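Peer 1: Given chain A, put chain B in place with the hints provided.
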Amino acid sequence: MAIRSFREAINDALRDALSSDPTVILIGEDIAGGGGGIPGSHGSSGGMLGVTKGLFNKFGPDRVIDTPISESAIMGAAAGAALTGLRPVAELMFMDFFGVCFDQIYNQAAKFRYMFGGTTRTPMVVRGMVGAGFGSAAQHSQALWPIFTHIPGLKVVLPSNPYDAKGLLTRAIRDDDPVMFLEHKVLYDTKGEVPDHSYEIPFGVGNVTRRGKDVTVVAFGRMVLFANEVADKLAGEISVEVIDPRTTSPLDTELMLESVAKTGRLVVVDEATPLCSLASEVISVIATDAHGFLRSAPQKITAPHTPVPAAPVLERAYIPQPDRIEAAIRATMTDRVPARHLALIAAMNP
Amino acid sequence: MTTATPKLPGHNTLIDAYRKMREIRDFETRISKEFAARTVPGMTHLYIGQEAVAVGVCSHLNETDAIASTHRGHGHCIAKGCDLTGMALELFRKKGGLCKGKGGSMHIADVSKGMLGANAIVGGAAPLALGAALTAKVTKSGAVSVAFAGDGATNQGTTFEAMNMAVVLKLPVIFAIENNGYGEHTARDYAVGADLTERTRAFGIPAVKVDGTDFFAVHAAMAEAVERGRNGGGPSAIEAVAYRWHGHFEGDAQAYRDKAEIKRLRETADPLQIFRERVLAEGALTAEVMDRIDAEVAEAVHQAVETALAAPVPDLSELLTDVYVSY
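Chains A and B are the protein sequences, given in the same order.
Residues in the first sequence are numbered consecutively from 1, following the numbering used here.
Residues in the second sequence are numbered consecutively from 1, following the numbering used here.
Chain A on its own, in the form it takes in the complex (with noise of 0.2 Å):
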């Protein structure tokens, strides 16, 4: 066991796969260091990040491709190797790229296996940053899990700290189906512990970071780390469990329910914007399936309805904050109708 960054454990797991896959390779923009493995190269610098710092110079150019600025031929090639026998890792680098070259991933990898009637597998994985927090603006910055969610025949992650980066990276680059891996870009610093060799992770399995039986939060990507902020100010006044479900798509329905069914009560924490989003659809599951065990309404916390602003100030205040978390943890406990029935009440009886 050593401490690792999230970067670093990111690339503990494309080494390890590498090493033990030789149909694992990597494709993508600048990740062998833009050179592409001409000599006398920078080969091995590893991305805008250093994410894949030092594969080049390991594994060679068969197996860490630089290439253009193409983004739609790196998701079709990683798509048309992945159908032909081999175990792509494309990297995207911003996932807000994703709008020139979605094609190739939503209506190319993710449908091959039911449009060809289950004779195929596309094995791939499609890495990238998402999130805000470093004042890069509205196309660099997006939380896109939602939209990936939305779509079927893809699977959907999105780690919230070192160690279950590498055991899901691990996970999905053996998965048979295309996954879209998501690296919050302001967690690549954060560290923790992450033993040294190779394990996984299962998709659609959440993780309860904070034991708790007054509340139940389901936080994602980021927003796990400021729910448990959150859940350790409150000890001792509040009890709150935190959920971090690991992957979108499959989501881990059960392990809220069984949660609410304890709490009653539910905050959902997420950084990306609110319509049709993963907020919604589990207060959606909750209302459903667990309406019965509701002692207030569920609280949705998330971004606004708008693009990413770059001043930091508004930045700041797109991103939920912890301040935001707490108050509708309370909320939770007091309220039984949302502030916002109350003021429709109040002007629907003058």
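For lysine-lysine, the following DSS-like pairs were computed, each having C-alpha atoms within a straight-line distance of at most 30 Å: (1) A:191 - A:58; (2) B:140 - B:170; (3) B:170 - A:58; (4) A:58 - B:140; (5) B:33 - B:263; (6) A:53 - B:170; (7) B:113 - B:95; (8) B:95 - B:33; (9) A:53 - B:140.
Keep in mind that the hints were calculated from the coordinates and are not lab data.
Bear in mind that the values here come from a model prediction, so they are computed numbers and not experimental data.
Peer 2: Showing chain B alone in chain A's frame:
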């Protein structure tokens, strides 16, 4: 246009090529009739008139070589060796179809035969063929891949990206551009801003323009392209100028072109007739041999379609299967 008359390929290649071209013609002619009779659900895009391209290209390929096809993909399927009955079952959306009736005409595939699927997204195929070529390079299998693209698909950025990346990574992919005069309803002369062969060469890809109604011209161009790919020489392109006899889709009223154009094509640009005349003139195949193939194919197509018409529809349970390998 490459005009030198290539030498005829061997006897077995000729027999196989004629049979496959006849299968495409007969199969699709029957599908056209069935579509009119409303027995074929959904949209159907027919390949008739372009038979020499698919067959000329695929006659050089093994099952380990991959092709990525277009929405006009039945011809590519047949040329790559897909089973006629399996195809008919799929087009009629019946149980036992190549894709269990879940793909239909626009997604028909048999990956075990190296046919990576028809593709309902214009320009969708080129990046996928790039991937198959990447597999060939990484595994050192010696295989090549083919990206079929109509003139319409050559205007898509996906095709440009794939062409450039094929050059950069020196991948054994062959771009088989079927210049059939129309992208959906829009004339090539309106929508393609430059000569396609010249444009492809500008990417750094060796490209030739051939008469796509002439099996022998396509076959000869493909021989060079395949040799280049198998020997580590990187990508190639063939622009095959052929003609789409039918509309963009079955039922297309074709208001965008004269009826006389279609009549003229049938009289002067028939790939099967051109093939027949050439092999008869050179004494390579006899009329009797080809007539016998015609009769055999007619029977095979009849059997395939009748089997499909009589077959059961998919079980309702199929709705929920095959989304994931595991979930």
